[in-house]
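J.: Fit chain B to the given chain A structure using the hints.
Residues per chain, in single letters:
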Amino acid sequence: NAGVMQNPRHLVRRRGQEARLRCSPMKGHSHVYWYRQLPEEGLKFMVYLQKENIIDESGMPKERFSAEFPKEGPSILRIQQVVRGDSAAYFCASSPLTIVQGQNTDTQYFGPGTRLTVL
Amino acid sequence: GESVGLHLPTLSVQEGDNSIINCAYSNSASDYFIWYKQESGKGPQFIIDIRSNMDKRQGQRVTVLLNKTVKHLSLQIAATQPGDSAVYFCAESLYSGGGADGLTFGKGTHLIIQP
Numbered sequence: 005n006a007g008v009m010q011n012p013r014h015l016v017r018r019r020g021q022e023a024r025l026r027c028s029p030m031k032g033h034s035h036v037y038w039y040r041q042l043p044e045e046g047l048k049f050m051v052y053l054q055k056e057n058i059i060d061e062s063g064m065p066k067e068r069f070s071a072e073f074p075k076e077g078p079s080i081l082r083i084q085q086v087v088r089g090d091s092a093a094y095f096c097a098s099s100p101l102t103i104v105q106g107q108n109t110d111t112q113y114f115g116p117g118t119r120l121t122v123l
Numbered sequence: 583g584e585s586v587g588l589h590l591p592t593l594s595v596q597e598g599d600n601s602i603i604n605c606a607y608s609n610s611a612s613d614y615f616i617w618y619k620q621e622s623g624k625g626p627q628f629i630i631d632i633r634s635n636m637d638k639r640q641g642q643r644v645t646v647l648l649n650k651t652v653k654h655l656s657l658q659i660a661a662t663q664p665g666d667s668a669v670y671f672c673a674e675s676l677y678s679g680g681g682a683d684g685l686t687f688g689k690g691t692h693l694i695i696q697p
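Protein chains in written order, with my numbering: chain A, 5 to 123; chain B, 583 to 697.
Treat the hints as calculated values from the structure; they're not laboratory data.
Be a bit skeptical, because a hint or two may be false.
Simulated crosslink set (DSS-like; lysine-lysine; CA at most 27 Å straight-line) [said to hold, decoys possible]:
id	chain 1	residue 1	chain 2	residue 2
1	B	624	A	31
2	B	653	B	689
3	A	66	B	689
One-sided excerpt, in silico: chain A residues whose CB lies under 7 Å from chain B [to be verified]:
id	residue
4	47
5	49
6	69
7	95
8	115
9	117
Quick reminder that beta carbons are idealized off the backbone N, C-alpha and C, glycines included.
Chain A with its partners taken away, still in its complex shape (with noise of 0.2 Å):
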């Protein structure tokens, strides 16, 4: 079972370009979770999303920030007209909707991130 897949890695934008990172969720997830994380710091959370539906985007900045869940395909976290300050290793996480194989709802299971720079 492959894990949390996130792409691409690492991604290099100048002030004014867009981001977009991709998260691919853990096979037989529906739930979604993006986290952003500061040097040296915990995470913090963004969006919780479930397939078409946005959940819980209390996290997320008001601007120029934006998530999606399609139907089919990854979830997309995408930020426009980055600043320096966006600078940060974003990390996406999922869960399974039910009980699966003995794994807990509430568990969250993490990509390795993608870790943009804003030059």
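T.: Only chain B this time, still in chain A's reference frame:
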């Protein structure tokens, strides 16, 4: 909002000794707690979790203790090995019953294993 915090930013232990990493949480409504291990350049790796209706849970070489009275969580690692070197995060969430919530993470404890 309330957040999870950690007592020590760095913990250095001898290889083979037991390690104890502590965590204080402030949201008394939190129902679910998790420990993650993060190695440099990688995503957090699930170690062990515990629900608020338990006070202890054991895994392979790891034990999580939960003291709801003082809102304290700890991770015990037995016979630490060089591969245990990493940053350890505790995280909490509210159990919504029908699904899951965004996790609130602490800042992390860097565990260093001395040879």
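J.: Would you mind confirming whether the straight-line C-alpha gap from residue 66(A) to residue 689(B) stays at or under 27 Å?
T.: Distance of about 24 Å is within 27 Å: holds.
J.: Against chain B, run the beta carbon of residue 49(A) and see if the smallest gap drops under 7 Å.
T.: Since chain B brings a Cβ to about 3 Å from residue 49(A), closer than 7 Å, the hint holds.
J.: Need the status of pair residue 624(B), residue 31(A): alpha-carbon distance at most 27 Å?
T.: It holds: about 20 Å lies between the C-alpha atoms, which stays within 27 Å.
J.: May I ask you to test the interface hint for residue 69(A) with respect to chain B, counting a Cβ-Cβ separation under 7 Å as satisfied?
T.: Nearest chain B Cβ about 15 Å off; hint violated.
J.: Holds or violated: residue 653(B) and residue 689(B), Cα atoms, limit 27 Å.
T.: holds (17 Å)
J.: Take the shortest C-beta to C-beta distance between residue 117(A) and chain B; is it under 7 Å?
T.: Nearest chain B Cβ about 5 Å off; hint holds.
J.: Closer than 7 Å between Cβ atoms is the bar; does residue 95(A) clear it against chain B? Give me holds or violated.
T.: holds (5 Å)
J.: Identify whether the interface hint at residue 115(A) stands, where standing means a beta carbon of chain B within less than 7 Å of its own.
T.: Holds. Min distance 5 Å.
J.: When the nearest CB of chain B is found for residue 47(A), is that gap smaller than 7 Å?
T.: holds (5 Å)
Violated hint for the displayed structure: number 6, the only one.
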